Amino acid sequence: MEKKEKVIIGLCAIATIIAGILHFAHANEVLGFAVTAVALALLAMVVGDGTEQLGRRLGPGATGILQSGLGNLPELFVAIFALRAGLDTVVQYALVGSILGNSVLVFGFAIFLGGLKNGTQHFKSEPPRMIVTLMLLAFAALIFPTLTKELHTPAEPYLNQLDVIVAFILLAIFGASIYFSIKGDSAIAPQEEQMHSEHQQWSLKMTIIVLAGAGVGAALVSDWFVEALQPAMKTLGISEAFAGLVIVAIAGNAIENLVGIQLAWRNQADYAVSVIMNSSLQIALGLFPILVLLSFFLGGAVLTFVLSPLLVAALALAVLVSAFIVYDGESIWLEGLALIGLYCIIAVSFWWG
Amino acid sequence: MEKKEKVIIGLCAIATIIAGILHFAHANEVLGFAVTAVALALLAMVVGDGTEQLGRRLGPGATGILQSGLGNLPELFVAIFALRAGLDTVVQYALVGSILGNSVLVFGFAIFLGGLKNGTQHFKSEPPRMIVTLMLLAFAALIFPTLTKELHTPAEPYLNQLDVIVAFILLAIFGASIYFSIKGDSAIAPQEEQMHSEHQQWSLKMTIIVLAGAGVGAALVSDWFVEALQPAMKTLGISEAFAGLVIVAIAGNAIENLVGIQLAWRNQADYAVSVIMNSSLQIALGLFPILVLLSFFLGGAVLTFVLSPLLVAALALAVLVSAFIVYDGESIWLEGLALIGLYCIIAVSFWWG
Amino acid sequence: MEKKEKVIIGLCAIATIIAGILHFAHANEVLGFAVTAVALALLAMVVGDGTEQLGRRLGPGATGILQSGLGNLPELFVAIFALRAGLDTVVQYALVGSILGNSVLVFGFAIFLGGLKNGTQHFKSEPPRMIVTLMLLAFAALIFPTLTKELHTPAEPYLNQLDVIVAFILLAIFGASIYFSIKGDSAIAPQEEQMHSEHQQWSLKMTIIVLAGAGVGAALVSDWFVEALQPAMKTLGISEAFAGLVIVAIAGNAIENLVGIQLAWRNQADYAVSVIMNSSLQIALGLFPILVLLSFFLGGAVLTFVLSPLLVAALALAVLVSAFIVYDGESIWLEGLALIGLYCIIAVSFWWG
Chain A
8 MEKKEKVIIG LCAIATIIAG ILHFAHANEV LGFAVTAVAL ALLAMVVGDG
58 TEQLGRRLGP GATGILQSGL GNLPELFVAI FALRAGLDTV VQYALVGSIL
108 GNSVLVFGFA IFLGGLKNGT QHFKSEPPRM IVTLMLLAFA ALIFPTLTKE
158 LHTPAEPYLN QLDVIVAFIL LAIFGASIYF SIKGDSAIAP QEEQMHSEHQ
208 QWSLKMTIIV LAGAGVGAAL VSDWFVEALQ PAMKTLGISE AFAGLVIVAI
258 AGNAIENLVG IQLAWRNQAD YAVSVIMNSS LQIALGLFPI LVLLSFFLGG
308 AVLTFVLSPL LVAALALAVL VSAFIVYDGE SIWLEGLALI GLYCIIAVSF
358 WWG
Chain B
8 MEKKEKVIIG LCAIATIIAG ILHFAHANEV LGFAVTAVAL ALLAMVVGDG
58 TEQLGRRLGP GATGILQSGL GNLPELFVAI FALRAGLDTV VQYALVGSIL
108 GNSVLVFGFA IFLGGLKNGT QHFKSEPPRM IVTLMLLAFA ALIFPTLTKE
158 LHTPAEPYLN QLDVIVAFIL LAIFGASIYF SIKGDSAIAP QEEQMHSEHQ
208 QWSLKMTIIV LAGAGVGAAL VSDWFVEALQ PAMKTLGISE AFAGLVIVAI
258 AGNAIENLVG IQLAWRNQAD YAVSVIMNSS LQIALGLFPI LVLLSFFLGG
308 AVLTFVLSPL LVAALALAVL VSAFIVYDGE SIWLEGLALI GLYCIIAVSF
358 WWG
Chain C
8 MEKKEKVIIG LCAIATIIAG ILHFAHANEV LGFAVTAVAL ALLAMVVGDG
58 TEQLGRRLGP GATGILQSGL GNLPELFVAI FALRAGLDTV VQYALVGSIL
108 GNSVLVFGFA IFLGGLKNGT QHFKSEPPRM IVTLMLLAFA ALIFPTLTKE
158 LHTPAEPYLN QLDVIVAFIL LAIFGASIYF SIKGDSAIAP QEEQMHSEHQ
208 QWSLKMTIIV LAGAGVGAAL VSDWFVEALQ PAMKTLGISE AFAGLVIVAI
258 AGNAIENLVG IQLAWRNQAD YAVSVIMNSS LQIALGLFPI LVLLSFFLGG
308 AVLTFVLSPL LVAALALAVL VSAFIVYDGE SIWLEGLALI GLYCIIAVSF
358 WWG
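Protein chains in written order, with this note's numbering: chain A, 8 to 360; chain B, 8 to 360; chain C, 8 to 360.
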């Protein structure tokens with residue numbers, strides 16, 4: 008284990024403990040919320056590292072499954088606790104916000120910083136395009152319940168059934184995409200070996216201990232995070248929409264994509280784009296439909312694909328714009344700056360929830 | 008004439024005769040409807056084969072005109088009878104449904120099956136992109152009356168005039184595209200010679216007999232099909248929207264595009280994409296505007312470009328997604344599967360008409 | 008100075024003088040309006056030529072700044088006078104109409120005529136794609152206030168604030184794009200040297216005299232043009248929407264892009280696309296946000312990014328379609344014809360304002 012990794016795990020443990028103390032001491036809600044958010048982001052990073060280590064022992068095929076399964080664990084925990092607390096709006100916005108955070112903000116920073124350091128960057132290989140094409144298809148399927156609700160009144164009483172059908176179709180494509188990755192034709196998954204060649208390998212025992220610890224930590228902290236969310240929103244005067252779209256999304260998902268920005272900085276633009284876009288794709292094909300189906304059994308709020316129309320519009324622009332940039336095959340820092348600007352405009356629009 | 012072709016023509020004749028018997032015997036409406044639908048699909052195939060045979064005698068330029076003119080004959084007959092029966096909603100949905108059927112369902116199957124058999128498929132040559140670009144332009148023109156109706160109230164009383172203007176502009180582009188194909192620069196038309204090199208040539212007499220027979224058959228069966236449609240919809244509880252979008256569209260148009268799937272299966276991805284997308288383009292540039300203009304003189308319902316908003320949204324997603332896949336230049340079976348999934352979601356949304 | 012340029016400057020001076028006479032004689036409003044429109048278009052051309060001449064003395068970096076600053080001077084003057092006259096609708100439509108005029112009409116003519124003369128045209132180099140990608144990003148930012156107003160009611164009272172934020176973000180990207188061009192990495196700006204290699208250089212004195220004269224002329228004529236606009240609209244029965252979208256836009260902006268059509272005709276497709284699209288981009292990133300901010304201080308109508316929904320739809324289609332054509336890298340005259348047809352449909356839709 009490298010020194011940097013040890014530091015992160017240490018910080019993660021400390022943040023988790025402080026979050027726990029603040030939680031049980033019923034301390035100031037904003038402080039408690041901020042600390043749990045930081046702890047959650049760190050735990051997401053550690054779970055990601057642990058999953059990758061485990062994957063390297065089991066081969067590239069297994070890595071895909073593991074990352075799809077374990078990698079989104081923290082987001083899954085937060086969403087489940089939030090749904091049980093009746094915060095389905097927050098969960099919806101957080102899921103779409105994770106996609107926006109990756110496809111616009113993180114992608115923007117990757118292009119901006121990578122371009123400043125390395126000049127015009129090229130991503131010529133096929134994987135980024137495949138991922139973006141699948142993202143477009145997933146997006147088209149995902150927004151259909153909203154379109155149906157807004158534009159086709161006779162179908163309104165059947166939206167729940169449409170949600171279930173869309174969820175099963177998305178999960179079928181998700182399953183097929185995992186099968187596709189395993190079959191060795193690694194066309195859509197970024198090649199892990201090259202990406203992380205510099206990382207030292209952990210011992211198996213260490214890997215399992217870290218993963219188990221981070222998993223339990225994520226479950227606990229997710230609970231505290233959701234509990235702290237509501238009073239913090241009230242105190243800070245933040246709408247549910249903005250809290251989900253920006254804060255929960257960034258804490259739960261986007262931070263772990265710092266690795267994508269790092270790769271762009273090191274001029275590995277192909278891998279950077281694959282990692283960032285794949286993260287969006289997993290949410291659209293996997294996490295969102297699983298939560299929609301799960302929500303029927305959680306006893307809390309029911310999660311639906313029927314989104315706010317503005318959210319669908321923001322998602323459409325994000326998916327389109329990132330698809331064009333990936334299809335271009337070249338990027339300059341100016342495009343990254345424009346993406347960051349676009350993210351700010353989207354975030355501001357939802358500030359007035 | 009090959010054995011396979013003889014079998015199809017024989018089946019076609021038998022289906023037409025059975026459809027006639029059921030029609031005049033006033034048999035069970037659902038059975039009668041199903042048989043006429045099958046007969047119609049087979050007639051569409053035979054008309055397609057006959058047109059191609061005639062075209063080969065007259066050179067590649069003439070083939071383009073013939074296919075544009077005769078190839079869509081069955082759809083044209085069905086649409087005319089349906090408009091005279093006041094079923095303009097069915098016709099609208101069937102026209103858009105044909106485009107969706109080609110650009111999403113048939114294209115999806117072509118990519119899916121072609122990819123399973125041949126691995127990653129490439130369509131690098133220019134024709135597919137040209138066709139898709141023209142489809143985008145046709146789509147933009149086509150949806151403008153709907154956009155104007157929904158978003159620009161002052162223009163509402165003038166929508167009929169806008170329809171006529173849009174129809175003339177689309178037909179002008181259609182005429183120019185035929186001229187473009189004839190002029191020998193076969194950039195947008197798939198090269199017939201290579202596509203059908205294995206087919207045996209029919210005698211001219213045989214070609215004309217088959218075409219004439221199939222034409223008359225198509226006219227008769229179209230009439231019976233439309234007459235059987237309304238009681239069948241009532242008995243089966245199917246909405247006009249779904250009947251047009253899925254059933255009429257697939258019976259009248261999509262089946263003949265099995266040839267596109269066949270081409271993909273034989274790893275001729277370029278031709279496959281050209282055939283499938285060209286079929287969508289001909290509906291958008293030719294069949295739809297001709298029917299809009301014709302409908303003023305048929306004495307039945309007037310056909311308009313003003314569509315249901317959800318239909319426009321579905322069309323937008325279909326055109327965009329297929330454009331991106333064609334622009335990518337590579338396809339994997341996973342994308343085909345996702346396209347099929349998307350088609351199912353679209354079809355289901357309109358089930359609740 | 009070439010003979011052709013002398014003729015244009017002469018015509019320009021004559022048109023300006025006649026416009027002035029008609030203005031002060033309170034002559035027939037339609038005649039006066041037509042003459043001022045012609046004078047304005049000619050002045051826009053002369054300002055463009057003068058700016059380019061000045062730029063050639065100061066180096067390629069400075070040219071970018073000059074063109075961004077001086078090149079849009081006539082449009083800026085017209086917009087300022089129109090806003091002070093309370094014609095904010097006209098200004099909005101004229102700004103979007105300039106983008107549509109460039110990206111659809113002028114681009115269409117460039118492809119159509121260039122294709123007729125030179126066959127299939129290729130634009131393989133990177134600059135056109137960069138410009139189109141930035142245009143997509145600018146478009147996404149630009150339409151967010153409209154989307155927010157139409158789709159997200161809680162934010163309605165804050166639309167003015169959103170306008171200001173969007174304006175500042177667009178201008179920041181505009182500034183960055185100028186910096187990008189100056190830094191010598193001329194990736195997004197068309198290379199002026201090659202474009203105008205055949206033009207003779209003017210003397211510095213001549214350049215300054217022409218520029219100053221044309222600037223003063225533009226300021227005067229803009230004033231007369233706006234004053235003549237309202238009575239002319241009434242007499243001709245033209246809506247504010249159509250007047251802005253088509254007449255003001257073409258007089259103020261699109262004519263100067265004849266140079267783009269010329270370049271396509273000479274088979275310099277890459278430069279043609281860059282010039283035409285760059286002109287759209289400067290309006291979206293520069294002129295529009297500057298006018299939104301300026302309008303708070305002009306004491307007339309306040310300009311907002313909140314557009315008519317149909318205008319946003321037209322803009323979306325224009326940006327998407329032109330992006331796909333540029334990404335394709337090849338064009339045929341048929342696509343140009345279809346673009347011209349699309350422009351006609353858009354213009355007709357707004358005729359019934």
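The hints are simulated quantities; they were obtained by calculation from the structure and are not laboratory data. Treat the hints loosely; a few may be bogus.
Each pair may be met inside one copy or between any two copies, as identical chains are not told apart.
[Stated by the list, open to error] Here are the computed lysine-lysine pairs in the DSBU-like style, where the Cα-Cα straight-line distance is at most 30 Å:
hint: 1; residue 1: K190; residue 2: K124
hint: 2; residue 1: K190; residue 2: K131
hint: 3; residue 1: K190; residue 2: K11
What you are looking at is a predicted structure, and each value in this text was computed from that prediction instead of being measured.
**Request:** Have a look at K190 and K124 and pick one of within, between, both or neither, based on CA distance no larger than 30 Å.
**Result:** between (36 Å within a copy, 15 Å between copies)
**Intra- versus inter-copy proximity for K131 and K190 (alpha-carbon distance at most 30 Å)** = Classified as both: same-chain Cα gap 23 Å, cross-chain 25 Å, threshold 30 Å.
**Asked** When no copy is named, should K190 and K11 be tagged within, between, both, or neither for a Cα gap of at most 30 Å?
**Response** neither (34 Å within a copy, 37 Å between copies)
Comparing the model with each earlier hint shows a violation of hint 3 alone; every other hint is respected.
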